[in-house]
Structure formats: structure tokens, C-alpha cells
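Let the sequences and hints guide you as you build the complete structure.
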Amino acid sequence: MAVYVLCLVLFCLGVYCILAKRNIIKIIVGITIAECAVNMFFVLTAYKTGGRAPILEPGAGIPVASMVDPLPHALVLTAIVIGLATTALMVAIAMRIYAKYGTYDIAEIRELKG
Amino acid sequence: MTPGCAIVPLCVAVPLGGAFLIALLGRKVRRLPDALGFMATLAALLLSLSSVGVVRTSGIVVYAVGGWAPPIGIALVLDGLTAFVLVTVNVIAFLVAIFSIDYMERFTAKWQFYALFLLMLAGMNGVVVTGDMFNLYVFLEIAAVASYALVAFGTEKHELEAAFKYAVMGTLGSLLILLGIAMLYGATSTLNMADMGRELAAQTPDSLLLLISALFLVGFGLKAAAVPFHAWLPDAHPSAPAPISAMLSGVLIKSLGVYALARVFFNVIGMTPQVSSVLMFLGALSMVIGVFLAIGQWDLKRLLAYHSISQIGYVLLGIGLATPLGILGGLFHLFNHSVFKSLLFLNSGAVEYATGTRDLQKMGGLARRMPVTSATTLAASMSIAGIPPFNGFWSKLIIIVAAVEAGRFGYAFWAVLASLLTLASFMKVMKYAFFGVLNEDWGDVKEAPFFMKFAMCALAAICILGGLLLLPAAYEPFLNAATKVLAEGTRYATLVMSEVR
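Protein chains in written order, with my numbering: chain R, 1 to 114; chain Y, 1 to 501.
I should point out that these hints are in silico values taken from the structure, not numbers from a laboratory. Nothing false has been slipped in among the hints.
Chain R is nowhere near these chain Y residues, computed Cβ spacing over 10 Å in every case:
{"hint": "1", "residue": "T57"}
{"hint": "2", "residue": "K431"}
{"hint": "3", "residue": "E488"}
Here are some chain Y residues pointing at chain R (derived, C-beta under 7 Å):
{"hint": "4", "residue": "L160"}
{"hint": "5", "residue": "T171"}
{"hint": "6", "residue": "L179"}
By construction, the Cβ of each residue, glycine as well, lies at the ideal position given by its N, Cα and C atoms.
Pasting the structure below:
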């Protein structure tokens with residue numbers, strides 16, 4: 001149970017970082033933290049105390065019920081790659097913003113409103 | 001495998017392949033991006049139109065990707081709702097691609113634009129056809145990441161600022177959706193939507209389901225820009241190039257937001273009175289707040305973006321009513337809004353193309369110099385304001401009648417009020433931009449080129465004739481088939497599963 005709570009704490013930390021920080025880079029870091037928390041939660045749904053690697057060996061007599069669920073691992077791999085694409089794009093935008101505005105402070109990057 | 005099921009994966013593969021080819025060859029061959037963009041969207045349009053016919057003859061079609069039968073493999077599902085949204089998305093995408101041929105000449109990297117555009121289209125079609133929960137997330141992210149890049153396409157100050165804001169909000173929404181999917185997987189041990197629905201129906205609803213519902217509501221609400229989650233939209237949609245604004249406001253917020261929301265809540269989790277009332281409340285809130293914020297705007301595209309929030313409210317209200325008539329109204333308004341809002345954004349693009357401004361106060365009397373743009377804007381304005389016989393009138397009428405029929409008089413009142421305010425706001429647009437005395441700066445302004453005019457006229461024709469979709473011959477296979485899928489609710493699971501065996 002404690003690990004799930006830690007996951008939640010990590011997610012909240014990430015969201016806090018997105019909402020409260022004024023530096024664009026710190027916001028991107030916050031998104032990455034929240035993403036990691038969700039990915040870890042997903043992997044944890046597959047976890048089983050004392051579970052073993054899901055390698056099916058004919059004749060070895062290992063019960064399937066003693067293995068961890070391999071599907072979330074595959075899914076999280078996909079989610080990590082998607083997260084990488086998003087982060088790369090946001091960092092690229094952040095660099096262009098710095099070139100135009102000369103600052104990473106979102107309080108000074110405020111030309112759109114209304 | 002039913003005959004005709006091959007068109008289901010092609011809806012995703014054709015735009016994806018087009019994007020790949022353009023990225024590979026677009027820089028070298030000059031006219032290739034235009035030609036490939038045109039052909040890929042045309043092929044996708046024809047596929048989506050034929051999918052309506054397939055659904056009519058063989059009902060639900062399930063395609064097992066890689067031959068792995070569901071619930072183990074990824075399933076692509078084609079039913080009435082899918083065909084309906086596919087047609088909506090691809091009609092708009094085709095006309096927008098035609099419009100872009102002339103409009104995007106102003107930008108240097110046209111091939112990058114087309115590659116991202118087709119990637120976004122592939123993502124949207126994927127969200128609509130998929131029958132697998134995690135696959136939905138993947139396609140949703142493909143469309144979303146492409147749209148972040150497209151908003152930043154101009155790489156000027158405002159575009160970058162808007163794109164960053166949009167990317168942060170969009171990623172947060174996607175994370176909440178992924179968290180919801182993880183919990184749903186934990187609760188059901190399956191990812192296939194139909195199988196998930198079956199598992200959930202066998203369990204007694206508990207507080208976990210409530211948490212999952214909340215996560216999905218916020219996540220998809222962020223994608224659909226319903227009111228408390230709308231802050232990114234008025235920045236992001238006007239900042240993109242006009243064809244992309246038309247795609248974002250016209251179809252992206254609907255396929256990623258409203259469609260996914262409706263699919264998950266009606267067909268997988270099952271509609272509850274609580275979710276229904278939340279949806280109606282969010283809808284009414286978006287409707288009224290969106291239009292109040294719109295009425296004071298002077299930037300034409302920003303005004304249109306606020307109206308998107310308001311019109312999404314109508315769709316959510318109709319679907320949230322969860323009566324067959326309400327769902328019909330909501331879906332019909334989804335189609336109509338796609339048509340007239342993309343037309344309005346294309347019009348604003350044509351005005352910007354000719355004059356270089358989006359400020360209503362600087363325009364004036366453009367009707368004399370740009371008759372086609374002016375006439376099509378008038379048609380779209382009448383549609384969005386709900387003047388008969390334009391298409392917007394019929395869908396709003398159905399939503400209001402459905403609200404009265406369900407005994408929700410308050411919501412019906414707000415819908416009428418928001419409609420009147422919409423009319424007021426578009427009278428302002430017409431008066432300042434097109435009617436009145438010609439501003440002397442625009443004495444030698446020229447009408448938009450051929451392809452832009454063609455796209456605008458085609459959309460205006462759909463605006464005028466859209467009401468005909470309610471005639472029995474068109475109504476049965478198109479609107480009614482889509483309404484039935486949502487009205488049947490969790491029977492979706494049985495229908496899909498019986499198709500597998």
C-alpha cells in the first residue's frame with residue numbers, strides 16, 4: 001500500500017511543480033515527474049509479491065499464477081516513448097521562446113490574454 | 001471477418017503513409033506535398049463515406065490487428081458512431097487540405113505542414129476507429145503532439161507562447177487519462193473496450209469507478225475544452241495557421257474530447273445519472289461563459305475560438321441529457337459545428353490572407369472587395385446563430401426540445417439565451433468586417449485565390465443543405481445509426497463480442 005501512496009505523492013509533486021513554478025524548464029521537469037509517477041503506478045498494477053518473470057517454459061511446471069503480469073510493462077514502454085516525444089517538443093518550444101523573449105519566466109511571457 | 005473490414009485500418013494507414021512519404025520526399029519535389037496531401041485526404045474521405053455503407057449492410061465490423069482475435073489483440077471497431085465521426089473528420093480535413101494549397105504559400109516549410117497535418121489526421125481517425133483502451137491513448141497522443149507542433153508552426157512570439165500553454169495543459173489531460181486507463185486495467189485485467197464493459201457490468205460499482213470517472217471527465221474535458229478546463233483554447237486555436245485553426249476547433253476537440261468521452265462513458269463504464277448531470281452542467285456552463293467571453297473580443301479568430309467553447313457546450317448538453325433525442329441533437333450539432341466553425345476559421349484565414357489583419361476594428365466594408373468570403377461568412381454566421389433553414393438551427397432546436405422533453409427547463413432556457421448572444425456577436429462580426437463603409441486601406445484588396453474559394457463554397461453549401469440530413473433517406477444510415485450506438489449504452493460489449501466469434 002505504501003508504494004501506491006508514494007506514487008500519489010510523486011504525482012502530486014509533479015502537478016504542484018506544473019502549477020506553482022514560474023520557470024518554463026521547471027514546468028517541463030514537473031511534467032516529467034508526473035509522467036514517471038503515472039508510469040510507475042501502471043507497472044505497480046502488475047506487481048505481485050514474490051512474483052517471478054513471466055517466461056513460459058514448457059515442462060518446467062511453473063504455475064502461471066506465480067508470474068507477474070507482463071502487459072503493463074509493454075504498455076509503459078510505449079507510454080515512456082510518447083513522454084519522450086512530448087518532452088522533446090516542449091524543450092524545443094522552450095528554446096524558441098527563450099530566443100524570442102529572452103527569458104524563461106512565464107510571468108514575463110504574457111502577451112496573450114483576454 | 002466481414003467483407004469490407006479492410007477499410008477500417010486503411011482509415012489510419014492512408015494518412016499515416018501520406019505523412020511518411022511527405023516527410024521523406026516533400027523537400028525534394030516541389031509540388032509533391034500539395035498533391036500527396038490532396039490525395040491522402042481524398043482517399044480518407046472516400047473510405048469514411050464507404051464506411052457508412054459498410055455499417056448499413058453489415059452492422060458492427062470488428063478488425064483484429066495482426067490476426068490476434070480480441071480480447072487479446074488490438075481490435076478496431078467500426079459501428080454507426082465511428083462511421084459518423086469518421087465522415088465528419090474527413091470531410092473537414094479534405095476541404096481544409098484544399099484550402100491549404102493556396103493559403104500555406106505564405107509559409108516556407110509547406111511540406112512540414114502537410115506531414116504534421118496528415119499525422120494529426122491519422123491520430124484522429126485512429127481515436128475514432130479503435131476499440132482498445134490503451135490504443136485510444138496512443139492515437140490521442142499522436143494527434144495531440146502533432147497539434148502542439150502545428151500551433152507553434154509560425155514560430156513567432158505569440159504562437160510559441162500559446163503552443164507551450166497548450167502542450168502543458170494537453171499533456172496534463174493525457175496523464176490523467178492514462179492514470180484512469182491504468183486503474184481501469186487494474187480493475188478489469190483487460191484493455192479491450194468491449195471486454196472491459198463486460199467485466200465492469202459483472203462487478204458492483206464501487207468508489208474506484210467513481211475516481212476513474214472523475215479522471216476521465218477531467219482528462220477528456222481538458223481535451224474538449226469544456227469550461228473550467230478551457231483556458232488554453234482561446235490562445236492555441238487563433239495562433240495556429242487558419243487551416244489548422246479550422247481543424248482544431250472543427251474536429252480535434254470533438255474527436256479527442258467529446259467522442260472519446262461519449263464512447264468511454266456510454267459504452268464502457270455505463271452512463272449514470274451523476275455523470276449525466278455533471279456533463280449537462282459543464283455543457284451549460286461552457287455554453288454561457290464561452291459566449292459571454294466571445295462577445296467582447298475584437299480579434300476575429302479569438303472571438304471564433306471562444307464560440308467553439310460555447311458550441312462544445314451545446315454538444316455536451318445534448319449528449320449529457322442521455323435521452324435518444326438529446327444524443328441525436330448533440331451528435332447532429334457536433335457535425336454542424338464542425339462544418340460552420342471550420343468555415344468561419346477559413347473565412348478569417350481568407351481575410352487575413354488578403355488584408356493581413358485579424359482586428360475587427362481595422363476591417364470594414366470588405367463585402368465589396370471580397371464577395372465570396374463575405375457571402376460564405378454570412379452563411380456560417382447564420383448557421384452558428386441558429387437561423388432557419390441553416391443546419392445549426394435544426395440541431396439547436398433538437399437539443400432544446402430534448403431538454404424540455406426531459407424536464408430540464410433551466411438548461412433549455414440557457415441554450416436559448418446563449419443562442420441569442422451568439423447571434424448578437426456574429427452581427428458584430430458582419431457589421432465591422434464586411435458591411436459598412438470600405439476602409440480606405442483595403443481599396444486594392446483582392447478576393448482569395450481559387451482553391452480557398454472552392455473550400456469555402458463547399459462548406460457553405462453543407463451549411464445550407466445540412467438540414468436535409470434529417471430526411472429519412474440520409475437520417476437512417478448516418479445520424480440514427482450513430483445515435484443508436486450511444487443510446488444502447490453498455491450493450492455495445494455484447495454486440496462487439498458476438499461479432500468476434
